[in-house]
Amino acid sequence: MTDARPRPAFAHASEAELARILDFYDVAWEYEPHTFPILYNRDGAVLESFSPDFYLPELDLYIELTTLKQRLVRKKNRKLRRLRDLYPGLRVKLLYARDFRALLLKYGRIAFADGLSGAEGQSTPPRRDAGSGAPAASSGARGTPAQAAREAGPIPGRGGLAPSQTAARARRARRSRAEARARAAARAGAAAPGTEMTA
Amino acid sequence: MSRPPDLVADVAEVLLSEDQIQAKVAELGARISADYAGRELTLVSVLKGSLPFMADLMRAIRIPVQIDLMEVSSYGGTATESSGLVRILKDLSSSIDGRHVLIVEDIIDTGLTLNYLVRYLRGKNPASLGICTLLDKPARRLVEIPIDYLGFEIPDQFVIGYGLDYGERYRNLRFVGVLRPEVYTSPE
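Each protein sequence line maps, in turn, to chains A and B.
Mapped onto our numbering, the consecutive letters of the first sequence carry residue numbers 1 to 199.
Mapped onto our numbering, the consecutive letters of the second sequence carry residue numbers 1 to 188.
Among the hints, erroneous ones may be present.
To be verified - In silico DSS-like pairs for lysine-lysine, Cα to Cα no more than 25 angstroms straight-line:
| hint | chain 1 | residue 1 | chain 2 | residue 2 |
| --- | --- | --- | --- | --- |
| 1 | A | 106 | B | 48 |
| 2 | A | 93 | A | 76 |
| 3 | A | 106 | A | 93 |
| 4 | B | 124 | A | 106 |
Stated by the list, open to error - Residues from chain A shown here face chain B by an in silico Cβ test under 7 angstroms; the list is partial:
| hint | residue |
| --- | --- |
| 5 | 21 |
| 6 | 24 |
| 7 | 25 |
| 8 | 26 |
| 9 | 57 |
| 10 | 59 |
| 11 | 84 |
| 12 | 107 |
By construction, these hints were calculated from the structure, which means they are not laboratory data.
Quick reminder that beta carbons are idealized off the backbone N, C-alpha and C, glycines included.
Use the sequences and the hints to build the structure in full.
Structure representation (structure tokens):
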């Protein structure tokens, strides 16, 4: 069977694995389809946004997956709290490294989990940290339905990048640079007395 | 020759004793008997983990019931990786068209398997479709599925016994226990 749709470039091998699990159980998913602004400056420009890794349309559920060690997830927890505050109707599930490890343990894939969890398994810099100025719920890559994850190719060992992931990393790097410039500009604007960040 | 594993020694903690389980099974059986009185009930057990629970539960039910067994492949199994899709390894033996069906599960965690089964069984036109599970681990839930009959809500720990396995072991323990982490973190 072939699928002509573009395959998502997963940022991390754990995401590809989760996509395979969802495919296996015939759960439709989309990869990073929506971006939610979570921090604006006083002029209304987006300073920070959050794009959950997966959206399960049939379940109306977002899943964010992190393989960072627990002590390193404070920033992601903060963003998630902010997301829930601003979008209270949104159903978001954060899968921590321990959750994902338990999931793989259940499926007898503990060796694979050992290669993914923790900072070593995080093959890319922190992702999607800032807003791109895109409107809320902007479209992203779509990975529905089944098979798309498998088309992403073999999962590299210990968190290495598949060829298809290299482009994603480059895109993120470009985005991060653009976001850094936007932040710097915002900071310059915020330097004036009385200026503050608003949500 | 290597020493056979000591199943009980691998258990860090007994989460549910045999007495607790049997008392709960009796309670569930009484509730199901009352709720389904006068109706054609089929219990569908999902192999392999729910086998002890099914065996005890059906004997705790005081109304006529039919039983059936299903088995679906699990992610990561060597027999299924080639297809990459869940497969029905053992389908129902009898039609459930027009019958009241109660799925009997050992544990619900992510809900992925159960979600698939519910959709599959709904396609077979049962009069109703309910869910009975001995254990629920809500911290792991990805797919929310309403549970009609629940034995115990348990913490987010890896449990074995009373049908639940790790590497096909520990199913024959009469209690539910927490497996020592070193059992699954150390190489065989």
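Hints versus structure:
no., hint, in the structure
1, A:106 with B:48, "holds (14 angstroms)"
2, A:93 with A:76, "holds (12 angstroms)"
3, A:106 with A:93, "holds (19 angstroms)"
4, B:124 with A:106, "violated (29 angstroms)"
5, 21, "holds (5 angstroms)"
6, 24, "holds (5 angstroms)"
7, 25, "holds (4 angstroms)"
8, 26, "holds (6 angstroms)"
9, 57, "violated (13 angstroms)"
10, 59, "holds (6 angstroms)"
11, 84, "violated (17 angstroms)"
12, 107, "holds (4 angstroms)"
When the structure is compared with the earlier hints, violations turn up for hints 4, 9, 11 and for no others.
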